[in-house]
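Just so you know, the protein sequences line up as chains F, L, R, G and Y, in that order.
Here the first sequence stands for residues 1 to 348, numbered as in the numbering used here.
Here the second sequence stands for residues 349 to 696, numbered as in the numbering used here.
Here the third sequence stands for residues 697 to 1006, numbered as in the numbering used here.
Here the fourth sequence stands for residues 1007 to 1289, numbered as in the numbering used here.
Here the fifth sequence stands for residues 1290 to 1572, numbered as in the numbering used here.
Don't read these hints as lab results, they were simulated from the structure.
From the three backbone atoms N, C-alpha and C, an ideal C-beta is built for every residue, glycine too.
Warning: the hint list may mix true and false statements.
[Unchecked claim] Using C-beta positions, here's what the derived DEER-type ranges look like:
| id | chain 1 | residue 1 | chain 2 | residue 2 | range |
| --- | --- | --- | --- | --- | --- |
| 1 | L | Ala469 | F | Ala37 | 44 to 50 Å |
| 2 | Y | Asp1308 | G | Asp1103 | 48 to 54 Å |
| 3 | F | Gly113 | L | Leu545 | 23 to 29 Å |
| 4 | L | Val394 | F | Gly113 | 37 to 43 Å |
| 5 | L | Gly461 | Y | Glu1374 | 34 to 40 Å |
| 6 | F | Gly113 | L | Ala469 | 30 to 36 Å |
| 7 | F | Ala176 | R | Leu968 | 55 to 61 Å |
| 8 | L | Ala676 | G | Pro1071 | 40 to 46 Å |
| 9 | F | Gly113 | L | Thr481 | 54 to 60 Å |
| 10 | G | Asp1151 | F | Ser189 | 30 to 36 Å |
| 11 | F | Arg342 | L | Ala469 | 52 to 58 Å |
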Amino acid sequence: MSVLTRPAAAGDERLAPRSLTRRMLGRPELGAVVGAAAVFVFFSVVADSFLQASSLGTVLYASSTIGIMAVPVALLMIGGEFDLSAGVMVTSSALISSMFSYQMTANTWVGVGVSLVATLALGAFNGIMLVRTKLPSFIITLGTFLMLTGLNLGLTKLISGTVSTKSIADMQGFPAARDLFASHWTIGSVDLQVTILWWIGLVAVATWVLLRTRAGNWIFAAGGNADAARAVGVPVARTKVGLYMAVAFCAWISGQHLLFSFDVVQSGEGVGNEFLYIIAAVIGGCLMTGGYGSAIGSAVGAFIFGMTSKGIVYAQWNPDWFKFFLGAMLLLATLLNVWVRRRAEASE
Amino acid sequence: MSVLTRPAAAGDERLAPRSLTRRMLGRPELGAVVGAAAVFVFFSVVADSFLQASSLGTVLYASSTIGIMAVPVALLMIGGEFDLSAGVMVTSSALISSMFSYQMTANTWVGVGVSLVATLALGAFNGIMLVRTKLPSFIITLGTFLMLTGLNLGLTKLISGTVSTKSIADMQGFPAARDLFASHWTIGSVDLQVTILWWIGLVAVATWVLLRTRAGNWIFAAGGNADAARAVGVPVARTKVGLYMAVAFCAWISGQHLLFSFDVVQSGEGVGNEFLYIIAAVIGGCLMTGGYGSAIGSAVGAFIFGMTSKGIVYAQWNPDWFKFFLGAMLLLATLLNVWVRRRAEASE
Amino acid sequence: SSTGGKRAEDRAKQLAANGSAVNTPHWTFAMVTHSGAGDTFWDIVQSGAKQAAAKDNIKFLYSNSDQGDQQAQLVQAAIDQHVDGLIVTLAKPDAMKDAVARAEKAGIPVITINSGSEDSKKFGALTHIGQDETVAGNAVGEELDKRHKQHALCILHEQGNVGHEQRCAGAKATFSGRMDSLYVNGTNMPDVQSAIQAKLQSDKSIDSVVTLGAPFAATAAKARQQAGSSAEIDTFDLNAQVATELKDGTIGFAVDQQPYLQGYEAIDLLWLYRYNGDTLGGGKPVLTGPQIVTKDDADALLSYTKRGTR
Amino acid sequence: MTDTATTAAGRTPLVALTDVAKSYGNVRALHGVSLDVHAGEITCVLGDNGAGKSTLIKIIAGLHPHDAGTYTVEGEEVRHASPREALDRGIATVYQDLAVVPLMPVWRNFFLGSEPTRGRGPLRRLDTATMRATTRDALLRMGIDLRDVDQPIGTLSGGERQCVAIARAVHFGAKVLVLDEPTAALGVKQSGVVLKYVAAARDAGLGVVLITHNPHHAYLVGDRFVLLKRGAMSGSHLKKDITLDELTREMAGGSELDELTHELSRTPAAPEAAAAAEPETTA
Amino acid sequence: MTDTATTAAGRTPLVALTDVAKSYGNVRALHGVSLDVHAGEITCVLGDNGAGKSTLIKIIAGLHPHDAGTYTVEGEEVRHASPREALDRGIATVYQDLAVVPLMPVWRNFFLGSEPTRGRGPLRRLDTATMRATTRDALLRMGIDLRDVDQPIGTLSGGERQCVAIARAVHFGAKVLVLDEPTAALGVKQSGVVLKYVAAARDAGLGVVLITHNPHHAYLVGDRFVLLKRGAMSGSHLKKDITLDELTREMAGGSELDELTHELSRTPAAPEAAAAAEPETTA
Ligand SMILES: Nc1ncnc2c1ncn2[C@@H]1O[C@H](COP(=O)(O)OP(=O)(O)OP(=O)(O)O)[C@@H](O)[C@H]1O
Ligand SMILES: Nc1ncnc2c1ncn2[C@@H]1O[C@H](COP(=O)(O)OP(=O)(O)OP(=O)(O)O)[C@@H](O)[C@H]1O
Ligand SMILES: [Mg+2]
Ligand SMILES: [Mg+2]
């Protein structure tokens, strides 16, 4: 949970010596990294096209779209809560941005701004409902999930007449916004999407917040033992509302990416993606019960998921069995991770 | 958590008197019952056709198909674990039964029996993997979920050549099996499905097990504090494996209902239903963190869900907004439940 | 089933093993669709494609995702694999625009199938094979009128699915009576049944139910019986059960768009293009439907549906 | 019974509870309890198991609101909505169940809720070096030589955890220090250190509320003694008005104790204990 | 140091640990510890906080396996895979962290893992009436008059919970009773009762392992004393070989104590404590 593992007080006879490698392997992220490496090596061997530079770009892009959301979802899980509305909130954010710009004939940046405010409000709603009603987050965000799904469809049909939005590609500010949220550039023969930068940035910020700020301390405490945290003066309620707003913020980024990369938004999308985010966080070592996990872990989890789901395609395995392979690979990667960690811990 | 609330030691000055009604309202299921009653009254008012006898049959049927699975899922949640594979396992069970009978040209009862054994084995696999690897149940059952989804599709195509099974309606034993799993009969003008009986029976058995047997005590303990339970000699691992097998058993019942009621099984079905079961359990008062809940609560939860999702149809509201109404109603019902309980507790 | 799908498939495999009907190089063609997992319709499309692939000495790759952005990523993955031809559906055209453009840049010929006839040409595809969902919907509306229906119900088994919306909207556009929609949870048959039941109980004036996928027609028939309604059940697409029930008269009519043909022709046309530079349709979409099938066609259809090719 | 306000009448007490009551649902945990805490004095709250001592502490600490009565801090009536407010008023508490987050490292637990920071603006960050060093030193002073302040606090022994909680409260206590059975899990040496700390805090002018089941500890450092019984006050004494023996007897519930001592002293295998039994059994 | 086996050499001890060691990851919690528990004797394990006492208990209780050394029960070498096995051999334990399930009613916690049943076959069910009555009576005998045995055990006070755990172990202990700081959270009266129970168990022929930080308690009932320091044995004495003062001094770590007592006795506000400080501070 901390970046610097201070060497133990020199010469305490109660401490068995431990090599650096072993200490490294004991860290949660590094366990997951071993799993990721194994998946990478595996697909490099079985899938010819997996190791190409262009494939790497595709895999990284797929991982980044999950990873951007997995970061705040991991933080939220460390803080002891869930967000089932995270998937559709991405779509809501994109819809708001697109429909506002179109209907008001406003500069796309205005739509983007309105969407930011509205999405943050949705996150705040989740958080405030949670701390006010003291209902489990599963119920609250399930309610928001269903309501947003309905609103996405109902409002889009009401406003656009169909289930998708109108194109805003020809509106003012579109190219600049596209550069920010959905551009891509080529390094050598690898085509990299800007989402990868967003992803790396978010992981870095989240890691800093978790390990080096008061807020990070509060997140761990709120998830690890909310009663104790409250008793020693941690603003648990504010922390949780903040976490939901962080999820909303990242949903906004993802939503804008969706909008500016496809220009038109389908109102029915995003359903089910919330689980991909949770999966990435859990594979990366977050505890379902809260109080433990890391942002880097969530990134590794997203990468494992991205590699596996695309690797199966590159390996050209029978698509009927896609889900089977996906499940088996994820399970094996996680088992390997746990096995490595146990070995590291067992040998003193 | 107990059926008999013994009157407190007479005349203890440290106990404020509490009326029977208040004591009743303090019980978790009864909180949910108030929510259910409110939903019922609401739809009786807004939807003309909701109060018809035949509509009751439809609502009960919808509730029972969720409720049958919600019972073991609630038990599992009380025991502190999840099962994401519960939804597809139902389909697997139906597929195994149907394809075995068809391919072997065996009596349908043989298929039913094989399916029971195979489904229980799946449940045992979940449970044993969980206790052996000590991974979170979310990861394990997610793996099983994905693998079963793949297997359902892959094997069905391999064996039947298409994505659904062949009809077994003309095979030996079909009518009798249909009577057991998918018959319906008419009382007055209400058409009642046999699944309702299964549901009631399962709720009764589960309630008995939870409150009156050693296994029930162990389930609460395994979910409430697994370490403590283990320390005082509770076979936590066996309890959890048993719970997963209970889920499998009910998946078998649901699967056979699916098969004998629709005769042909689509291999892609069941995905997503696991959440309906969890929703029902949580609305009915089960804690996500384990150690608290009831079987009756899960039934009330399933009933609330069934009433709401069908009530919206009876009320003929704009179908585009279906999910919105569903989410809002579920949230309101749960809020009412909590509000009632708090009031009951606050006034001594 | 004397002409079982399994046997046909085996025969096709045998053919491939024996060296195929042609001696062109062993090209790889990929198909990326917007289908969900385990969909009957897309299963038949795949069967057709596989049959043609076997004949044409083609390696056939299939992948699918019902999320627009995921489908685009799958197209990219196919490009990464340097396939020799690409078949995509354009249910969400805007999401696919970039991906298709990249395929063209990489020199991969693209054929679009099923949905997206308007955009196909614009995106630079060789040709479009299939039937527009709206056109199919229109045909249903007209047929309902022909049958003097007043009040129809359109069952959408996947909320927010563009193709489904277009089918219903198309039917609504040509139907002169009233048409309601109902969303059901397509992965939960009992829920489909009880929801249709509830709708029929709440509104007795409904005289026809249109399902958007073949498997749901039988369930709708069951719901009708439970609800004591006399509405006619009609459906998009075919399967063995629908064919039987057409024959029994349980189902009124079905709209077929010949999915087998969409898969088969797509592969075949890509082969022709690579082999001989041929294209079909003269810049216009090649339509595979809609074809209204009724009781009269049922007998012939029954054997085809049983082996999974219609 | 409510004769607490008789001494030091001139000064406003740091914390004063008057006729406070608290129920959990239909359980009346506390009623009619009054208590004054003065600067530079140690108030001991004594009583049987389940008498309501921890409930009283939790009200002072702001963890639970009181149902009736008044709660004043330096003369001003308050109703703490959260422990944060009490902390901000300088009231630091050691809870009986310790209030630690098991999976967090010791040093993070030590500073939880009151983390020191360095830098400004977006660069404002935890001062981890100071936090680690302070934690290690504070524990060392209590006789706990931790191997590693980075280990999760959940892996510490019961007494070590207790020491972290006490060291934390002593470190952050500004005006009032509230300790719920601080020495319960502690070894002989550590208990001595804690009593020394309590005395030092008093000498530094803090008001101290100390809960203990050990009459020796109470009598050694306490200035006034409040006795609770089944949720109500059963006595309130100044040190000068009571002897250790009387205090012990009151804590044990009077006559019942004699009987018990008698019984235990008869047990055959511990004959030499018979004479010593009276005070020690109850120590 | 390992002179434990000298007495009662003829009898096989009920439980014997020889040169046992245990590490948590790279933390060596225990090494080279030996201990005999004989029927009808009370073995006290004493030591500083973090000395490894609870770890020792957990090995005996079957909660953790030992890494090295041997563990025999009635002469037969064992390696308990779970606490269930230890229970089945008649070893009942009170853990320091109590091992209760907070949300479950008191009576269900009391019988958890060893529930009595009535009826046969599918009608076999919990004997709830007996369970409730037994729980209430067992607690009443310890001086805890519960309002309601149906309340979740998490709502009991710390001492009440401790009493439930002790009553449970006493109820199920068949051959060996292991108690980890049983009196820590208890009131004067309850402590007396627990010591009486311990003596009674010994008289009934059980072997008892008692952990405590209170030398008075230990000396009153103990027959042999094992001292742990930083995970290793620092002494093992029979009662006849040691006095209370020596024991207290050893527990507190020798010379350090004098210094501390001296310091505390100088605190100005408690002058009358000065004389009494030596034994009481450490009580
Ligand atoms: N699960 C664990 N992981 C790592 N270290 C542990 C774990 N449990 C205990 N320890 C360490 O082992 C040492 C011995 O702990 P133990 O609980 O046995 O002490 P104890 O003698 O019972 O102390 P106390 O009197 O305070 O209860 C402690 O220093 C503790 O930090
Ligand atoms: N959350 C709660 N809900 C219901 N009853 C409670 C709750 N907390 C405490 N009680 C009850 O209130 C009474 C007083 O508890 P409290 O913890 O204040 O006792 P205490 O004096 O601190 O006892 P101990 O010395 O054993 O720690 C107890 O009988 C307990 O059962
Ligand atoms: Mg207390
Ligand atoms: Mg201990």
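Evaluated hints:
1. Ala469(L) / Ala37(F): 44 to 50 Å: 33 Å, violated
2. Asp1308(Y) / Asp1103(G): 48 to 54 Å: 36 Å, violated
3. Gly113(F) / Leu545(L): 23 to 29 Å: 58 Å, violated
4. Val394(L) / Gly113(F): 37 to 43 Å: Between Val394(L) and Gly113(F), where Cβ atoms are some 39 Å apart, the hint holds.
5. Gly461(L) / Glu1374(Y): 34 to 40 Å: At 37 Å between Cβs, range holds.
6. Gly113(F) / Ala469(L): 30 to 36 Å: 56 Å, violated
7. Ala176(F) / Leu968(R): 55 to 61 Å: Violated - the Cβ-Cβ distance for Ala176(F) and Leu968(R), about 45 Å, lies outside 55 to 61 Å.
8. Ala676(L) / Pro1071(G): 40 to 46 Å: For Ala676(L) and Pro1071(G) the Cβ distance comes to about 33 Å; the hint is violated.
9. Gly113(F) / Thr481(L): 54 to 60 Å: 47 Å, violated
10. Asp1151(G) / Ser189(F): 30 to 36 Å: Distance hint for Asp1151(G), Ser189(F) is violated at roughly 59 Å.
11. Arg342(F) / Ala469(L): 52 to 58 Å: Taking Cβ atoms as reference, Arg342(F) and Ala469(L) lie about 27 Å apart, which means the hint is violated.
Violated hints, in rising order: 1, 2, 3, 6, 7, 8, 9, 10, 11; the structure is consistent with all others.
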